[in-house]
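*Asks:* Each chain is listed here by its residues.
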Amino acid sequence: MRRVRLFVTLLACAGLIVALAAAVLDVAGAAVSSELPEQLRASLERSGVEHPVTAVLLNFRSYDTLLEIGVLVIAGMAGISLASTNSLEDPALRSADSLLYALQRWFVPVMLLLAAYLLWAGAYRPGGAFQAGAVLAATGVLMRLGGLPMAFIRPGILLRLGLVIGFAVFLLVAVVGALMGEAFLAYPATMAGLLILTIEVALTLSIGMILLALFVAAPVTDEHEPEEGAGS
Amino acid sequence: MNGSPPLVLIAASILLPLLYPLLAARPGWHSISRGALPLLPLPALLLALLSTTPWTLELPWLLLGSTWMLDELRRSFLLLTALLWGTAGLYAVGYLGGKHLRRFGVFWGLSLAGNLGLVLAADIVSFYMFFALMTFAAYGLVVHVGGNHARFAGRVYIVMALLGEMAMLAGFLLAARDGGSLLLAELAAGIAASTNGWLMTTLFIIGFGVKAGLPLLHFWLPLAHPVAPTPASAVLSGAMVKAGLLGWLLTLPIGEVGWQSWGQGLILMGFAGSLGAAVFGVIQRDPKTVLAWSSISQMGLMAVLVGAALMAPGQVSALLPVIALFALHHGLAKGCLFLAVGLVIPAGRLLQSFLWVLLALPGLSLVGMPFTSGQLAKAAMKGALMVLPNVPLAGLLPLLLQAATLATVALVVRYGWLLWQQLERGTIPASRWLGWGLALFCSAVVFWSLPTVALVMSD
Amino acid sequence: MSSALLYALAGVALCGIGLAGFLLLNHLLRRLLAFNLIGSGVFLVLVGLAQHRGGPDPVPQALVLTGIVVAIAATALAVVLIRRYFHLTGRTSFKAESEGDGGGAGS
Amino acid sequence: MTATALLPLLALLTSLLAAVVIFVLPESSHRVRILVNLMAALLKLVIVALMTWGVFHGVDFSVSFTMLPGVSFMLRADALAMLFAGLSAVLWLFTTIYAIGYLEDSPNRSRFFGFFSLCVASTMGIALAGNMFTFFLFYEMLTLSTYPLVVHRGTEKALRAGRNYISYTLGGGVVLLLGIAWLHGLAGDLAFRETGHFQGADPALHGQLTLIFILLIAGLGVKAGMFPVHGWLPQAMVAPAPVSALLHAVAVVKAGAFGIVRVVYDVYGIDFAFMLGLLQPLAWLAAFTILYGSVRAMAQIDLKRRLAFSTISQVSYIILGVALFGPIGTVGGLVHLLHQGIMKITLFFCAGNYAETLGVHRVDELDGAGARMPATSTAFTLAALGMIGVPPLAGFVTKWMLGTGALATGVEWAVVVLLLSSLLNAAYFLPIVYRLWFCPVAAPWPGERRWGRLETSAWLFWPPLITTLMLVLVGLLAATAFSPLSWAQLIVVRMYLP
Amino acid sequence: MAGLLFTPLAWASLSLLLDFRKGRCVSWLGMVIQVLVSLALWYAVMERGGFSYALGGWEAPLGIALRVDGLAVTFVLLTAAVATACGLHAGFYLDACKPWQRYFWPLFWFLWAGLNGVWLGADLFNLYVSLELISLAAVGLVALGGEAAALRAALRYLFAALLGSLAYLLGVALLYGRFGTLSLALIDEQLASCEPALIVALLLMLAGLALKTALFPLHGWLPPAHGIARSPVSALLSGLVVKASFYIAARLWLELGDRLGSPWLAQSIGALGAAAVVWGSWLAFRQPHLKQVVAYSSVAQIGYLFLLFPLTFAVAEPVSLLAQQGITLQVISHALAKAAMFLAAGNLILSIRSKRVDALAGVSHFLPFSLFSFGLAGVSLMGLPPSGGFAAKWLLLQASLASGQWWWVGVLLLGGVLAAAYVFRIYRASFLEVGDSDDFYHPPQSLEAIPMILALLALGLGLVAEPVLSVLSLPFEVTADVNEAQL
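Residue numbers (our numbering), protein chains in the order written: chain R, 1 to 232; chain Z, 1 to 459; chain S, 1 to 107; chain L, 1 to 498; chain A, 1 to 487.
I should point out that these hints are in silico values taken from the structure, not numbers from a laboratory. Incorrect hints may have been included.
Some chain A residues close to chain R (C-beta under 7 Å, calculated; not the full set) [stated by the list, open to error]:
| # | residue |
| --- | --- |
| 1 | 16 |
| 2 | 17 |
| 3 | 132 |
| 4 | 279 |
| 5 | 282 |
We put the beta carbon where it would ideally sit given N, CA and C, even for glycine.
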């Protein structure tokens with residue numbers, strides 16, 4: 001039975017590969033008559049950033065990005081909703097290893113710097129808020145694993161505020177545009193660059209927080225809520 | 001309504017007995033409701049006496065539109081019904097105990113209403129309605145006494161009555177279609193004209209034959225009549241069986257040409273019943289059963305007369321009064337005989353012999369003694385039958401008639417014998433005597449002054 | 001055949017392999033990895049197919065970036081759930097319980 | 001909105017609103033509930049009377065709006081509608097009164113009366129429905145609103161009966177829906193019209209139309225309790241007596257029978273249905289059901305079950321009348337719709353009285369009940385005689401009309417069926433009557449209760465007497481204007497002479 | 001317009017900062033706004049017909065456009081109604097003392113935002129992101145509270161959702177590779193004839209979406225997830241979330257199906273739907289737990305939706321319209337009825353303190369209101385008049401008959417009967433009388449009223465089906481009028 005299942009599954013996957021490959025080749029052979037690249041080039045200067053990917057991400061298709069951040073916030077939220085601890089640091093992991101500690105003291109500022117650079121560079125070359133946020137989160141992970149105290153981030157309200165700040169700023173900008181008579185998510189052409197930078201900064205912070213929170217959140221509480229209606 | 005009695009009288013003659021159950025059903029009013037029994041048919045009697053000319057009454061709002069009428073034939077039946085129920089009612093006042101009195105009163109009233117109504121009804125639906133009312137209510141009278149006998153008799157009665165009703169209903173349905181009219185008067189013509197005439201005639205002969213005790217349809221009669229309380233037996237045997245006869249007269253194609261063989265068949269059936277009943281009757285041990293068989297026997301003779309009317313369209317006008325006369329005679333006499341069964345012989349010797357003479361009187365009348373109603377009826381019958389053209393077994397007719405008389409004699413003798421043996425000695429309420437006496441009076445005296453009789457005698 | 005198309009075909013292969021893994025593996029983490037494999041395959045197809053002729057197209061790159069973030073979010077959430085599930089039940093797969101009646105049997 | 005449009009809606013809403021109010025009322029507010037019940041019933045009676053008067057004088061009461069693309073919700077009061085509406089309005093009043101007494105001191109009254117009113121609202125909707133779609137709408141609503149009534153007692157037996165009931169009726173509903181949908185696909189939205197819609201339809205469609213007809217009749221036949229889909233009816237007898245009365249006399253079986261009348265006359269048109277050769281088999285089926293129900297009834301010991309089989313038999317009279325293809329037969333069938341309702345409701349009231357007052361449920365426990373409960377027993381006797389077809393009671397008028405109708409169209413065998421059925425009716429009713437009046441009380445009553453002066457509670461006492469009076473009067477005064485018979489004749493005149 | 005997208009997201013972030021009680025107050029305010037905005041948008045579409053809305057001022061293909069047509073606003077309004085009801089119910093129903101309940105509100109709002117995104121989306125990739133938003137929020141809601149069974153269900157749900165999304169995205173990748181645009185409308189314009197690669201793409205997308213919609217035989221994840229979640233969450237999931245992926249599938253099919261589909265494909269999808277109807281109903285009938293019954297009923301009801309595929313493929317325009325209207329009604333009525341049913345089931349479970357069906361014995365004595373709501377919702381599921389379910393069934397019947405695909409008639413009718421079987425099973429259980437003791441917990445009036453209102457809406461939908469459906473056929477103007485659209 002198992003063998004049959006294995007065989008069938010493998011066969012199906014092979015079939016999928018063949019079909020997909022054929023489709024890919026078929027598509028590759030067809031002529032594309034899209035005006036998208038021209039439009040993109042034409043609109044790039046109005047976008048407020050120079051790098052096309054960032055422009056697409058944060059201006060042309062900023063709605064996608066907004067929702068994407070929403071997804072991240074959800075994940076972070078769902079993560080901490082399951083967590084029993086509110087703190088980002090784990091006392092059990094606090095290390096007394098002085099070498100590691102010293103190393104970290106060197107690494108952390110460098111990584112922070114790197115994050116800032118990535119963020120700034122995003123405007124004209126590969127980089128941007130997500131990359132910066134990821135580095136930020138990595139810094140946090142490192143600090144946690146290394147046992148650095150992170151008391152500066154208060155659990156609870158501050159944590160949640162951190163989670164949501166990027167998203168909130170993004171949204172605020174979006175709606176301000178709408179209130180000023182533009183479409184939802186439209187930036188005034190003159191301020192586009194500045195606004196995008198603001199959003200990116202806030203996003204970086206939030207993304208870092210979320211990824212860190214997700215890393216931390218998973219310990220377990222022993223407290224059980226009785227299932228719905230199961231009686232006391 | 002041409003010269004008819006006041007409407008209120010017509011209404012009262014039906015409604016009084018019909019609504020009487022409401023009075024009878026009241027608990028605690030025993031003496032009043034019992035006392036009212038003989039009064040119930042009084043309006044009807046008055047109506048019959050006052051209606052010197054035929055009248056017709058249209059009641060289009062009732063049922064499917066109904067018509068009531070009273071002609072000579074009906075008047076005669078109405079008289080019989082009213083008289084007999086009245087006397088039996090009077091008798092019942094003294095006869096009934098307290099037990100189930102209310103129930104008896106209810107069914108008595110309903111049966112009476114049905115019996116009176118069917119006489120007055122001139123359209124199919126009303127007739128059928130009253131007939132059914134009488135049939136079903138009489139069941140209550142039959143089983144009144146209770147016990148196994150009564151229950152068995154009741155079951156036989158109701159089954160046969162239902163079969164009769166169904167046959168009747170089927171006949172009426174067919175007749176209504178083919179005749180295109182709901183009036184009884186137009187029934188005969190409708191039947192005669194229809195291709196289904198044979199079917200309808202058969203259905204009617206059977207349907208009413210059950211009530212009239214035609215041979216093979218008679219089984220219920222010797223069972224039911226004896227078990228009923230005596231006054232009820234009297235009306236069952238005296239009045240209600242006559243409803244069957246009236247049904248025949250009203251529904252069969254009498255007066256139409258071409259029903260000779262049917263008439264002949266009916267005559268044969270009638271004689272068969274008349275003679276056969278005597279054979280069974282004389283071996284009975286209960287005077288009431290003997291009387292029941294005697295009723296079958298007498299009804300057989302009446303069936304002979306109906307058959308004769310069916311056979312000879314030309315003679316109808318002569319035959320109808322004869323039939324009415326015979327019915328009247330038999331009803332009154334039979335009523336007397338039944339009521340006598342419930343009597344008690346008083347102590348005084350002289351009184352006893354006088355009483356026996358009186359007791360014998362209706363019996364002798366039945367036999368056809370001179371100066372009795374029976375003699376007149378028999379003579380009329382013989383006269384009417386003898387002049388008929390091509391009667392079957394024409395030669396045998398006198399013989400058959402004599403045989404019938406003989407049968408009657410045998411039954412009456414047997415009845416007298418049983419009565420002699422079984423009649424108790426003691427005292428009974430006066431109203432019983434009064435009822436019986438009144439019945440006897442009607443049969444022996446009033447009879448002669450009744451309009452129908454006068455009509456026949458004047459012929 | 002351009003190199004971009006090669007990427008796309010590699011992505012196709014990844015999809016197939018990932019799907020097989022997803023369907024055949026029981027361990028939850030492995031399934032999650034298989035899912036990530038499929039995800040990578042899809043992104044490769046998306047980017048590779050779109051820019052197999054001529055210059056880079058920034059739109060699919062941006063899409064893929066978004067897709068990656070979404071995938072990361074989902075993966076992270078899944079990891080949290082798996083860890084907690086493991087902690088509560090000591091199980092690393094669905095198999096242990098009877099199939100089809102997962103919701104009913106609560107504490 | 002004019003009065004002509006408002007009245008049908010009002011007729012519907014009186015009981016619908018009553019239902020809502022009753023549902024909302026707390027269980028303990030008996031007086032308010034009784035008041036609401038009675039007021040609604042009276043109000044409805046007045047409205048229906050008004051509409052009847054209007055219809056008689058040719059006023060067109062109708063209201064409609066489009067519900068779905070191509071389908072409209074349509075209420076319309078024609079003469080036939082008023083026949084059924086009148087029946088349910090009148091009998092609702094008495095059943096309500098009866099039910100108030102019957103359920104005194106029993107739990108779940110709020111629920112009961114709520115669904116009860118809902119049930120009547122559905123019946124009213126069925127009566128006033130102006131097309132097949134609307135008819136179906138209320139038809140299914142009826143199914144649903146009667147279910148809680150059937151299972152009201154909540155016993156295992158009641159629940160089983162309820163399941164049975166719902167399986168049958170929903171199954172029938174599905175078949176009916178198929179038929180209606182198919183018909184709709186074929187011919188569009190069909191408003192009921194007195195001569196039908198298919199006069200001179202394309203012969204190519206005849207096959208389909210025949211099939212649809214069979215579907216429709218099969219679907220409706222379930223509720224009408226036709227053989228062989230009558231199985232739910234005797235089982236549903238576990239319901240409280242007023243419910244049985246309602247199911248049998250007014251609502252459910254009548255809805256089925258009424259639907260068949262609508263389909264035959266107002267959708268297909270009698271001539272067309274005859275031309276398709278559909279009426280003959282229908283008549284046979286009805287005739288068989290009549291006899292079958294009667295024969296089965298004889299074997300029942302439980303009083304209500306006996307009445308149930310009697311219903312199976314009696315409702316098919318209506319269908320027989322419809323299928324006889326003739327105006328007189330139709331009159332008979334239509335008038336039986338009412339007459340059977342009055343008679344059957346009386347019988348069930350009486351059966352309920354015996355059960356409630358004496359604790360008697362079986363026929364053989366009834367010995368001597370006539371002396372203890374004369375009024376109820378009189379009512380029972382008269383209703384039973386009416387069922388047998390004894391003149392001048394309601395049943396006789398029906399039988400007479402059916403009989404003459406059958407003969408007029410040359411269907412002589414139907415008369416034989418009628419007579420045979422009358423005999424069978426007598427065979428299972430008369431023994432009961434005999435026991436009531438002529439048998440001595442054999443044993444103490446299983447569960448006797450006493451109420452002051454009357455033989456039973458006043459709520460229970462009067463309804464059967466009033467319906468008995470009605471069943472006598474509708475027969476006795478059949479020839480007057482506004483009697484059921486005259487009304488049925490009016491309908492038939494409008495049906496046959498467009 | 002902006003409000004529609006903005007409010008849920010803003011409220012999501014706002015409520016994240018608050019605890020459950022404060023979040024509740026804030027959320028109720030938000031719901032009011034959402035309902036008003038939805039109504040206004042609906043009214044606008046009623047007045048002017050549909051329009052297209054370019055986000056950020058960037059027209060497709062460069063930017064993301066929203067398509068605001070009759071269908072979309074109908075669903076937006078439906079979402080507003082159902083979500084509001086669930087939100088109100090949840091406010092009373094959930095235990096405010098549990099610390100994790102605070103996360104209910106943000107997840108709830110994100111879910112709502114995602115749903116609106118799907119209804120209005122006209123960009124294939126944006127739809128993907130919206131779907132993921134919905135999926136993750138839904139998974140988060142299921143897992144909320146974090147006990148083992150819930151986690152298990154949530155994980156199964158998550159895996160299914162992710163796999164489905166990726167399959168969909170793969171299809172999108174192929175389409176983008178072929179057309180260089182993500183706008184569904186533009187693809188529709190450029191698609192001239194059938195190409196095998198595009199069929200593969202369509203199949204992938206449909207398969208992914210079918211998995212997310214829990215089409216038989218891919219339904220395994222749904223009953224545990226919907227059954228284990230808290231009742232308001234179940235109501236949201238069953239009522240709205242599964243419809244989102246179906247909505248996308250239906251839009252794809254209606255836009256591209258006529259060229260990329262084949263009778264074979266249409267019929268087999270229909271057959272799967274039919275199988276879902278039968279199998280789901282049967283399983284629902286067999287479930288021992290109340291909410292599992294309702295959850296399996298969702299599987300069955302979703303099956304109906306997939307009859308859209310055969311009934312709109314290669315049939316005359318009016319027939320296709322009938323089928324579309326029927327399916328739309330089915331979506332709406334199922335959303336309302338199922339939400340009502342889950343909420344009522346939640347109330348019932350609260351009062352009997354057990355999840356089992358047979359524990360319902362005697363409850364009809366004391367809790368007729370919730371039971372009544374349950375029953376009314378059941379009426380719609382059974383497809384009995386005058387409910388929306390009936391109207392839908394009627395239209396589908398007509399469409400089946402008119403298109404000559406009579407075999408679906410059997411499915412539709414059989415489905416109704418089977419639904420009756422499981423609904424009446426519940427009723428039967430509750431009508432059983434077991435003594436007079438009232439040891440049931442009586443939920444507050446507000447909890448009872450909400451499912452009642454939803455059930456009545458579902459029931460009355462059939463009566464007003466015509467006006468509801470008339471919105472669907474409003475004209476769609478491609479000329480976007482951005483300014484007026486700002487609400």
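*Asks:* When the hints from earlier in the document are held up against this structure, which numbers fail?
*Replies:* 4, 5
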